[in-house]
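Undergrad: Following the hints, complete the assembly by docking chains L and F onto the known chain A.
Protein chains in written order, with numbering that gives the first Met the number 0: chain A, 0 to 621; chain L, 0 to 99; chain F, 0 to 164.
Treat the hints as calculated values from the structure; they're not laboratory data. Yeah, the Cβ is synthetic: ideal placement off N, Cα and C, and Gly gets one too. Mixed in with the good hints there might be a few duds.
In the BS3-like style, the derived pairs of lysine-lysine whose C-alpha atoms are separated by at most 27 Å in a straight line are [said to hold, decoys possible]: (1) L:87 to F:162; (2) A:166 to A:571; (3) A:77 to A:166; (4) A:555 to A:571; (5) A:372 to A:109; (6) F:161 to L:87.
On the chain A side, residues computed to face chain L include the following (Cβ under 8 Å) [what the hints assert, rightly or not]: (7) 595; (8) 596; (9) 599; (10) 600; (11) 603; (12) 607.
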Amino acid sequence: MNNMSSIIIFPLFGFFILSIFQRKISNFFSALIGIGSIFFSLGIIFHIFFCYFNNRSGFDFFSQHIEIWNNIRSLNFKFDLLMDKFSIFMLLMIGLVGFLIHVFSYWYMKSEEEFSTYFSYMNLFIASMFLFILSDNLLLMYCAWELVGLCSYLLIGFYHRKKMSYKSAMKAFLMTKIGDIFFCLSIFILYSHFKTTNLNDLKIFLKNSLLAKDWQFHFSIFCLLVAAVSKSAQIPLQTWLTDAMVGPTPVSALIHASTMITAGVYLIVRTNFLFSMSPTILLLIGIIGILTVLFSCFAALFQNNIKKILAYSTMSQIGYMFIAISVKCWNAAIMHLIIHSFFKSLLFLSSASIISFFNGEENILKMGGARKKQPFIYFCFLVGGASLSSLPLITSGFYTKGQILCFLLENKNWMLLFSSLIGVLLTSIYTFRMIFLIFHVKREKQKVSYLNNSFFHTFPLFVLLIFSTVFIMFFPPFSSIFFDFYNKNYIFTKRNFLEFISSMLSIIGVLIPYDLYVNKKNIFYKLSKKNIYLNKYSFNNTNFGFDFFYDFIFVKPYFFIVEKISIDPFKKLFSFFSFFIIFFHNIFLCLVKKTLSWHILFFVSGASFFCLSFIFLCYLTH
Amino acid sequence: MIPIQHGLLLSMLLFFSGLFLILTRRNFLFILIGLEIMNNACSLILVFASNYVHQLDGQILYLLIITLSAIESGIGLALLIQMHRYYKTLNIDVLSEICE
Amino acid sequence: MELTFYFFSAISILSTFCIIFSFDVMYSLLYFLISILSTSGVFFSLGAFFPGVIEVIIYVGAIMVLFIFTLITLNLEKDSKQKKRNFSFLINWKIFSLIFLMLFFSFLYFLYFFNNGEMNFMSESDNIRKFGNKLLSSYAILFEFISMILLSGIVITFYIGKKNK
Numbered sequence: 000m001n002n003m004s005s006i007i008i009f010p011l012f013g014f015f016i017l018s019i020f021q022r023k024i025s026n027f028f029s030a031l032i033g034i035g036s037i038f039f040s041l042g043i044i045f046h047i048f049f050c051y052f053n054n055r056s057g058f059d060f061f062s063q064h065i066e067i068w069n070n071i072r073s074l075n076f077k078f079d080l081l082m083d084k085f086s087i088f089m090l091l092m093i094g095l096v097g098f099l100i101h102v103f104s105y106w107y108m109k110s111e112e113e114f115s116t117y118f119s120y121m122n123l124f125i126a127s128m129f130l131f132i133l134s135d136n137l138l139l140m141y142c143a144w145e146l147v148g149l150c151s152y153l154l155i156g157f158y159h160r161k162k163m164s165y166k167s168a169m170k171a172f173l174m175t176k177i178g179d180i181f182f183c184l185s186i187f188i189l190y191s192h193f194k195t196t197n198l199n200d201l202k203i204f205l206k207n208s209l210l211a212k213d214w215q216f217h218f219s220i221f222c223l224l225v226a227a228v229s230k231s232a233q234i235p236l237q238t239w240l241t242d243a244m245v246g247p248t249p250v251s252a253l254i255h256a257s258t259m260i261t262a263g264v265y266l267i268v269r270t271n272f273l274f275s276m277s278p279t280i281l282l283l284i285g286i287i288g289i290l291t292v293l294f295s296c297f298a299a300l301f302q303n304n305i306k307k308i309l310a311y312s313t314m315s316q317i318g319y320m321f322i323a324i325s326v327k328c329w330n331a332a333i334m335h336l337i338i339h340s341f342f343k344s345l346l347f348l349s350s351a352s353i354i355s356f357f358n359g360e361e362n363i364l365k366m367g368g369a370r371k372k373q374p375f376i377y378f379c380f381l382v383g384g385a386s387l388s389s390l391p392l393i394t395s396g397f398y399t400k401g402q403i404l405c406f407l408l409e410n411k412n413w414m415l416l417f418s419s420l421i422g423v424l425l426t427s428i429y430t431f432r433m434i435f436l437i438f439h440v441k442r443e444k445q446k447v448s449y450l451n452n453s454f455f456h457t458f459p460l461f462v463l464l465i466f467s468t469v470f471i472m473f474f475p476p477f478s479s480i481f482f483d484f485y486n487k488n489y490i491f492t493k494r495n496f497l498e499f500i501s502s503m504l505s506i507i508g509v510l511i512p513y514d515l516y517v518n519k520k521n522i523f524y525k526l527s528k529k530n531i532y533l534n535k536y537s538f539n540n541t542n543f544g545f546d547f548f549y550d551f552i553f554v555k556p557y558f559f560i561v562e563k564i565s566i567d568p569f570k571k572l573f574s575f576f577s578f579f580i581i582f583f584h585n586i587f588l589c590l591v592k593k594t595l596s597w598h599i600l601f602f603v604s605g606a607s608f609f610c611l612s613f614i615f616l617c618y619l620t621h
Numbered sequence: 000m001i002p003i004q005h006g007l008l009l010s011m012l013l014f015f016s017g018l019f020l021i022l023t024r025r026n027f028l029f030i031l032i033g034l035e036i037m038n039n040a041c042s043l044i045l046v047f048a049s050n051y052v053h054q055l056d057g058q059i060l061y062l063l064i065i066t067l068s069a070i071e072s073g074i075g076l077a078l079l080i081q082m083h084r085y086y087k088t089l090n091i092d093v094l095s096e097i098c099e
Numbered sequence: 000m001e002l003t004f005y006f007f008s009a010i011s012i013l014s015t016f017c018i019i020f021s022f023d024v025m026y027s028l029l030y031f032l033i034s035i036l037s038t039s040g041v042f043f044s045l046g047a048f049f050p051g052v053i054e055v056i057i058y059v060g061a062i063m064v065l066f067i068f069t070l071i072t073l074n075l076e077k078d079s080k081q082k083k084r085n086f087s088f089l090i091n092w093k094i095f096s097l098i099f100l101m102l103f104f105s106f107l108y109f110l111y112f113f114n115n116g117e118m119n120f121m122s123e124s125d126n127i128r129k130f131g132n133k134l135l136s137s138y139a140i141l142f143e144f145i146s147m148i149l150l151s152g153i154v155i156t157f158y159i160g161k162k163n164k
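Chain A on its own, in the form it takes in the complex (with noise of 0.2 Å):
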């Protein structure tokens, strides 16, 4: 377990070496470092995640202390790593996912010019992922959670010669710096209160305090969600997300699919003993999920990005996971996250396929026919999306959501089942609407360039591809998750009536599309070719209202606040001295600017001007 810290390390160092030697190595060069640097850290990560099932001498956790980062008087700040059950999983995830990821950039971004600059973000993007993962202090977590967004920013405007990559990037730059300053701010109330900020510490003082009424108390949990919620692209700051695709594909892949959007999770987990002291903001955690669940199925609906249609899903599959928070089963929360990560990132690796079939081409109604030309990417979409839209018995996802909408009985939460239910419903059609629209619907005069199927470009996919479907269960560290996490049952007989009535709302979810789109002998086709005409004129490229709403709200009294002060009298006091400064300037820039004889007679009378000065001095001693 002392090993932690090379975690870390690999990919920094990958990206210090990237960074330094950017453009002057080759391009299979700095990817070999790149991916690299990633496969020595996911071995160390399987080492000691086999360490951590074979000695179970009672600890559930393990730390290691690595440095003091300053000592002023009580001000007492620990560089520290803590591993626990649930970063284990997350560690394996990400270096896996990021591993996939890294392959498949290889072979994505091959002819990109800034090819090194590429994998020393993501080198450090994998770096700063993993400190917020195993730091056992918030404020460390900070500043991992900083690390994390400006990688983000960084790579979303990748391509930063596109006005619209850049205008996204601060987009999203902004609405996650909302909840970087609320992270900031619990951080202070809970150092004011506890004199720590170290995770085990505050876990022992909340045993034994009667905070519970305490508001400010409260209200630093609140900061706290917040700052989940923002990074985790849940209902009030959803608005970055759809806008983040812009970027390389691979990138929306790990980053804004299967790692950083789920920081927010996380947090919440890693800190789950401070939210299951307070009911109301668990209360509100589940009103924000379901909001989140509804308003992006039916906002992937109407659009007709395939990116933008992904981005919604994730925020939909979140937004169960919030649900799952909400109901304390942590357990399934984070089963789901990285059950998801794996299927979401399937599908963003064999989209960004497609969109490179298509040759750009992003709209899906414009997209179709792919299925004969591109048998394994189908497939490989076709699970992915099954696993989406919780298809029964063959596909991952249908045993991680049952598993929430599980506790959600158990729980006896009505409202939140029925809303998932309805949400599982939704999931499907949409998925499966993408995918008929994409490969089954034939269409004409279609560019097409055929894509020469390298080992990086399959071999990433293939393997996610296993881990979307069931048989993860016979991989040796993900078989641990199910057993870990999934026996704790024991309502049998009513577990299996609600998984059956979520097969067939999936199944019926297939069905509508299949009936919509593919068949062209039922009635609705005439209906469904008006609908690809009103997908036109929808609401959706606004993101139902929240952006004129922020706009509203936000930017446009900034502004004129902004015009408000630009005026005021301390400017002309300052432009006075600028108009002095200038004067000058143009008195002497005619002693500059003229001929030789000017400056013979300057010369000769600034030297006279000492001598006589001296002289009259003398005399005037005398």
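TA: Just chains L and F, lined up with the frame of chain A:
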């Protein structure tokens, strides 16, 4: 019995006429002549001063200054020849790189 | 003595003004010659014979000859004919003359303070021998220094005047 004021006035007038010559002409040759006049005026003062204090040290310094002015005119004329060789003119403003 | 002093100084000032107002190089050199000769006359009138002789030898014998040689080699007649006969008060002659006159009158004002000195004819006959003794004994280092400066001046003039290939 000449008051020293008059001698100094003479050298000052010579000095300022040399300065005026430098300032108002663009021809490099005239500038050199002006410099010689100014040197001459300065050396005048030394001789007057040695006469005033009845010591010969001022005349020795006069020797130094006249040597310097000879060297200066030699170097200046060499530069003038080079300038005429490259620019085919003696206008001093051609050389200026500060002003536009 | 006073008469010769004022006579030669008047001639030197007049000839120097003539340099200012003449636009032909050859004529201005001639006026310069007259000015230098009259200056040496001023030296003789004060009894400083050695500086007067040196003035004539070096200025007239060396520097003037150099100037005239360069004039001959450069063949400047075309240039001098094309020149307009006016001063180039470059940008703003008002500011120019203001500064110049200010300088002139401030110097003139300070001359006003030196009103108690007198210059006499140095009547000692062995002035030149004393001069030589002083130059080669207590000012020997200065003498060597002058020779070094002359040598370096020759080297620099050779270097600059060399024709670049």
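Undergrad: Hint by hint, note whether the structure agrees.
TA: Quick rundown of the hints versus the structure:
Annotation: proposed proximity of residue 87 of chain L to residue 162 of chain F holds, straight-line Cα distance about 15 Å (limit 27 Å). At roughly 33 Å between alpha-carbon atoms, residue 166 of chain A and residue 571 of chain A are farther apart than 27 Å, so this suggested pair is violated. As the CA atoms of residue 77 of chain A and residue 166 of chain A are separated by approximately 37 Å, the hinted pair breaks the 27 Å bound. Annotation: proposed proximity of residue 555 of chain A to residue 571 of chain A holds, straight-line Cα distance about 26 Å (limit 27 Å).
At most 27 Å may separate the alpha-carbon atoms for a hinted pair to count; residue 372 of chain A and residue 109 of chain A meet this at roughly 23 Å. Distance hint between residue 161 of chain F and residue 87 of chain L is fulfilled; the C-alpha atoms sit about 17 Å from each other, no more than 27 Å. Annotation: interface hint on residue 595 of chain A holds; nearest CB of chain L at approximately 6 Å, less than 8 Å. Residue-level restraint check for residue 596 of chain A holds (minimum Cβ-Cβ distance to chain L is 5 Å; threshold 8 Å).
Nearest Cβ of chain L to the Cβ of residue 599 of chain A: about 6 Å, under the 8 Å cut. The hint holds. At a threshold of 8 Å, the smallest CB-CB gap from residue 600 of chain A to chain L is about 6 Å, leaving the interface hint in force. The closest approach between the C-beta of residue 603 of chain A and any C-beta of chain L is roughly 6 Å, which is under the 8 Å cut-off, so the hint is satisfied. Given hint, residue 607 of chain A at the interface with chain L, is violated; its Cβ is 10 Å from that chain's nearest Cβ, farther than 8 Å.
This entry does not satisfy hints 2, 3 and 12, going by the numbered hints stated previously.
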